[in-house]
Amino acid sequence: MPIVYGGNRVTHVDADLAASFEEGDRLVVVQDSGDLLHIPEADWERATDSVTAAVEAFSDMGTVTSDQLEAFFLSFAAYLEDDTSFAPVAEANASDVESAAGRGRSTTRLTLDHRMRADMVEGLRLWAGSEAGRGEVLERIDHDGWALEQVRSGLGVIGFVFEGRPNVFADATGVVAGGNTVVFRIGSDALETARAIMQNALIPALKDAGLPEGAVSLVDAPSRAAGWALFSDSRLGLAVARGSGSAVSQLGSAARQAGVPVSLHGTGGAWIVAGETADPDVYASAVYNSLDRKVCNTLNTACIVTSRASDLVPVFLDALERSGERRRATAKLHVTREARGYVPDEWSQPARIVREGGAVEEIRCELIDDDQLGVEWEWEESPEVSLHIVPDVEAAIRLFNQQSPRFVASLVSEDSDEHRVFFDLIDAPFVGNGFTRWVDGQYALNRPELGLSNWQFGRLFGRGGVLSGDSVFTVRTRVWQTDPDLGR
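Residue numbers (the numbering used here): 1 to 488.
Among the hints, erroneous ones may be present.
Said to hold, decoys possible - Cβ-Cβ distance ranges computed for the label pairs, FRET-style: (1) Asp113 <-> Val479: 49 to 55 Å; (2) Gly34 <-> Trp480: 29 to 35 Å; (3) Phe423 <-> Arg140: 40 to 46 Å; (4) Ala395 <-> Val375: 16 to 22 Å; (5) Gln68 <-> Asp318: 50 to 56 Å; (6) Arg235 <-> Thr482: 33 to 39 Å; (7) Gln150 <-> Asp318: 51 to 57 Å; (8) Leu460 <-> Gln372: 52 to 58 Å; (9) Pro204 <-> Arg103: 57 to 63 Å; (10) Val479 <-> Asp16: 57 to 63 Å; (11) Asp82 <-> Arg26: 40 to 46 Å; (12) Asp417 <-> Trp480: 48 to 54 Å; (13) Ala147 <-> Gln372: 45 to 51 Å; (14) Trp480 <-> Leu460: 43 to 49 Å.
FYI, nobody ran anything at the bench for these hints, they're computed from the structure. By construction, the Cβ of each residue, glycine as well, lies at the ideal position given by its N, Cα and C atoms.
Work the whole structure out from these sequences, hints included.
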């Protein structure tokens, strides 16, 4: 069956989709790509019920006091910190990890270890002590006989789809501090962990604080279709997605079609540029400390100016090797033709590279074209980076603006004028002069983040690149009339 999409293109329903479609199911046609998203009736109903509960809870959030909100976050943190209430969560997470590993899935971000648990507790307590700004008067304008106030208020229901990182489950509840409600859908790898957090920590905390239970709800379904259904609900005030680039893009398209604003966090990869006055020790530290693990703000592309290539490429390679040794793995390098001559021949030998599915033997250094510098390397244990030699810093800036997702850029240089030019010309929301992993809401701003936004689809309107719980709001206008005979 042919289906028109995008106004002038055609896609087709194949036999498998036709055979699986049943009465009550939904079909979402992604207008950007022609993808056909089959949503079974059960998944649609689960998502709809969760949003309905969140909508009803939002109508009650106006009566919730700041003390209640603080009590919720403190109680949630206490349940996670208490070994007794956390035990079922740990058990569920161990089961999720075992299941994912058995299916050859990555467990790096899935494991709820001591550090992640501590970060979740810290984040919730940060929210408890924060001023989220609900009800804050942003501006007041006095007129003769009347005054106008611009007041910060909750945006509404926030839909949140993310991969199997349990810490995000706690971080994103920060939107509740601003008077919003939230509906989650978590990847199937972490679903048992999410259920355990809901049952043993989050729901009890809502009850302790007297908040409506629908203020935070989970779409309890393992299929991706549940996420498509959630983001297709026009009652959402904002749709937030974190995960792999293609999946996030697809979710964003579904939400935009439904008229829902989106905040997408799926593509990353940081760049570090070494200028002519770069200090070798500073540069080595920046590279090494940007490769501790693979996340969105990990170093992905390194550019070194030609005048410093002979002495800085060895520094770069040493830092790259040490970052692999730290993870008990061999690092992987991609080089352009301009960079190949600076890399020793031994890097072209086969090596043991640890991928998501296990260790494989690959050529350690592979050649890429100049137009592939924006490719994001999704590595598991073996750090993976691209290296390019540029004539000057301005050339690196142009390549970044053309090829990267326009996310994180760092310049290692002792020249203050060069840093000024770099900041003025680089098209990125996050700019630094050292390691790139500082780009994190909790680490940098003391505010747990919902996600970090790149500028791949343009600069953001009215907010910074860190989406946090206190940056999800709307502005309402209130008038106080003191002259009863006021008219126009």
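Satisfaction of the hinted span 51 to 57 Å by the C-beta atoms belonging to Gln150 and Asp318: At roughly 55 Å between Cβ atoms, Asp318 and Gln150 fall inside 51 to 57 Å, so the hint holds.
inquiry  = Quick check: does the Cβ-Cβ distance between Arg235 and Thr482 fall within 33 to 39 Å?
reply    = Check passed, 37 Å falls within 33 to 39 Å.
That 57 to 63 Å hint for Pro204 and Arg103 (C-beta), does it hold up? At roughly 32 Å between Cβ atoms, Arg103 and Pro204 fall outside 57 to 63 Å, so the hint is violated.
ask   = That 45 to 51 Å hint for Ala147 and Gln372 (C-beta), does it hold up?
value = The hint (45 to 51 Å, Cβ to Cβ) is violated, given that Ala147 and Gln372 are roughly 58 Å apart.
| request: Just tell me: holds or violated, for the beta carbon distance of Asp417 and Trp480 against 48 to 54 Å? | output: holds (51 Å)
Check the following: the C-beta atoms of Trp480 and Leu460 are separated by a distance inside 43 to 49 Å. violated (33 Å)
Check your understanding: Lying within 50 to 56 Å: is that true of the beta-carbon distance Gln68 to Asp318?
Key -> 54 Å Cβ-Cβ, so the 50 to 56 Å window holds.
Is 49 to 55 Å a correct range for the gap between the Cβ atoms of Asp113 and Val479? holds (53 Å)
Can the suggested window of 57 to 63 Å be confirmed for the beta-carbon pair Val479 and Asp16?
58 Å Cβ-Cβ, so the 57 to 63 Å window holds.
- Task: Just tell me: holds or violated, for the beta carbon distance of Leu460 and Gln372 against 52 to 58 Å?
- Result: Given about 27 Å between the Cβ atoms, the range is violated.
TODO: Starting from the hint 40 to 46 Å, judge whether the C-beta atoms of Asp82 and Arg26 obey it.
DONE: Cβ of Asp82 to Cβ of Arg26: about 42 Å, so the range 40 to 46 Å holds.
| query | Does 16 to 22 Å hold as the CB distance between Ala395 and Val375, or does it fail? | reply | holds (19 Å)
When held up to the earlier numbered hints, the structure conflicts with 2, 3, 8, 9, 13, 14 and fits the remainder.
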